[in-house]
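*Asks:* Sequence:
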Amino acid sequence: MLKVWNMLLIMVTFLLTITGTFITRSGLVSSVHSFAQSPIGPWFGGFLAFLAVGSFGLLAHRRSLLKSENVLDSFLSREAGFLLNNLILLGGAFTVLLGTFFPILSEVVRGVKVSLGPPYFNSIMTPIGIVLLFLLGAGPLIAWKRMRRVEAIRVIGVPLALGLLAGLILLLLGLRHASALAIFALSAFALVTILWEFVRGVKARRGAGRESIPVALGRLLWRAPRRYGGYIVHVGVVMAFVGFAGTAFTREWERTARAGEEFEAGGYGFSFLGLEEEAGPGKESVAARVVLSRDGRDLVRLIPHRTWYEKAQQLSTEVAIYSTWKHDLYLVLAGFDPEGDEASFKIYENPLVGWFWWGGIVMCLGGILVLIPGQRRRAP
1 MLKVWNMLLI MVTFLLTITG TFITRSGLVS SVHSFAQSPI GPWFGGFLAF LAVGSFGLLA
61 HRRSLLKSEN VLDSFLSREA GFLLNNLILL GGAFTVLLGT FFPILSEVVR GVKVSLGPPY
121 FNSIMTPIGI VLLFLLGAGP LIAWKRMRRV EAIRVIGVPL ALGLLAGLIL LLLGLRHASA
181 LAIFALSAFA LVTILWEFVR GVKARRGAGR ESIPVALGRL LWRAPRRYGG YIVHVGVVMA
241 FVGFAGTAFT REWERTARAG EEFEAGGYGF SFLGLEEEAG PGKESVAARV VLSRDGRDLV
301 RLIPHRTWYE KAQQLSTEVA IYSTWKHDLY LVLAGFDPEG DEASFKIYEN PLVGWFWWGG
361 IVMCLGGILV LIPGQRRRAP
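Its first residue numbered 1, the sequence shown is counted upward by one per residue in this note's numbering.
Do not take every clue at face value.
[What the hints assert, rightly or not] In silico BS3-like cross-links for lysine-lysine, where the CA-CA straight-line distance does not exceed 27 Å:
hint, residue 1, residue 2
1, K326, K346
2, K145, K3
3, K67, K3
4, K145, K67
5, K311, K113
6, K311, K283
7, K145, K203
8, K283, K346
[Unchecked claim] Per label pair, the in silico range of CB-to-CB distance:
hint, residue 1, residue 2, range
9, L165, Y120, 30 to 40 Å
10, I303, M1, 48 to 58 Å
11, F101, L299, 41 to 51 Å
12, L175, V53, 46 to 56 Å
13, R25, K113, 11 to 21 Å
14, G335, K3, 55 to 65 Å
15, E107, D295, 46 to 56 Å
16, Y309, R63, 43 to 53 Å
17, R200, R297, 42 to 52 Å
18, P281, L51, 36 to 46 Å
Please keep in mind that the hints were generated in silico from the structure rather than gathered at the bench.
Where a beta carbon is used, it is the ideal one built from N, C-alpha and C, also for glycine.
Let the sequences and hints guide you as you build the complete structure.
*Replies:* Next comes the structure, spelled out in structure tokens:
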């Protein structure tokens, strides 16, 4: 099914990759990665047009070879879930594309370059993400081909109720941010669904023979790596969503201190030791030496710095980061006075960022498992 649709997705993905490279390197959008003035723009644009015409032309020419062997039997099926998932992701891609090109379009139409900031992306991508998270939890429970509504409600009802219970508990504990609450509740729903799939598989193997739980789990992964590796990837995606939800609780502070002074923010103590200046070929750098402590115990030395690149006439800020499983603490050197040995700092507490990075690692592990060839049936 959906062979033409799949080919379209592959083509659009590649063309968007080339488009992103073009607008970044050509300087159409503000970027530190843009090349110097060069006549490469028209050639790059021509190459992109050649790719688009060639790809869609080949697809149209060979369309008869890509006819679907089956049809969509019901909207309440796993196939329909896949299609809905694709459409939602495509909507997200279009949102990003529009937000990226909007400054260029506004300059062409109105003569003024207008950029779309985080509120635009958050207002659209947050609902998209919530729907995707629901599909991630419901997808494994929906049958292929066709499923009756009563049966769908029955299989989805218990995991969804547990997810809503988790959301209710968080609400009673004081969580009031609507989007974060929805993400946490649906994350619990998705994790219960994935865990149930593993439990059901292990129970089936133990029922067929006398295998211990670790042995049954290992053989389950060995015999169906694509299926259960995909579930592990889903776990990584859920962890990433938890990391996204943490942005709802970001806090920030501004502090100014002289060398030898201390200040506090977010329950941490900061001891400002002083500034260090360093000059190199084509650049000048100023770094602040700060000792981070908590409850009277020194944790780590943070060294945020700012660098001025003479040739590019560009200022770069390097953030010092202290990471824990609960949050990341960013220390930014916002300004300084070398003569008075005084510096201004911005401190950001970004909760649950580590969940995003660990989720990426789990996705990679699940992806590796998917690539392992499963046990093949022997020909009779």
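*Asks:* Give a verdict on every hint.
*Replies:* Hints versus structure:
Using a Cα cut-off of 27 Å, the hinted pair K326 and K346 holds, with the two alpha carbons roughly 20 Å apart. Restraint check for K145 and K3: satisfied, since their Cα atoms lie roughly 17 Å apart, inside the 27 Å limit. For the suggested pair K67 and K3, the alpha carbons sit about 7 Å apart, so the restraint of at most 27 Å is met. A C-alpha spacing of about 18 Å is found between K145 and K67, which places the hinted pair at or below 27 Å, so the restraint holds.
With a C-alpha separation of about 26 Å, the suggested pair K311 and K113 falls inside the 27 Å cut-off, and the hint holds. The straight-line distance between the Cα atoms of K311 and K283 is roughly 8 Å, inside the 27 Å bound, and the hint therefore holds. For the suggested pair K145 and K203, the alpha carbons sit about 25 Å apart, so the restraint of at most 27 Å is met. A distance of roughly 23 Å separates the Cα atoms of K283 and K346; the hinted pair therefore holds under the 27 Å criterion.
Judged by the Cβ atoms, the range 30 to 40 Å given for L165 and Y120 holds: they are separated by roughly 34 Å. For the pair I303 and M1, the supplied restraint of 48 to 58 Å holds, since their beta-carbon distance comes to about 56 Å. At about 44 Å, the beta-carbon gap between F101 and L299 stays in the expected band of 41 to 51 Å. Under the hint 46 to 56 Å, the C-beta atoms of L175 and V53, about 52 Å apart, fit the expected range.
For R25 and K113, the hinted distance range of 11 to 21 Å is satisfied, since their beta carbons lie about 19 Å from each other. For G335 paired with K3, a C-beta distance near 58 Å keeps the hint of 55 to 65 Å intact. Hint check: E107 to D295, Cβ distance near 53 Å, so the stated range 46 to 56 Å holds. For the pair Y309 and R63, the beta carbons lie near 52 Å from each other, so the given range of 43 to 53 Å is met.
Here the CB-CB span from R200 to R297 is close to 47 Å, well matched to the stated 42 to 52 Å. Distance hint check: the CB atoms of P281 and L51 are about 40 Å apart, consistent with the given range 36 to 46 Å.
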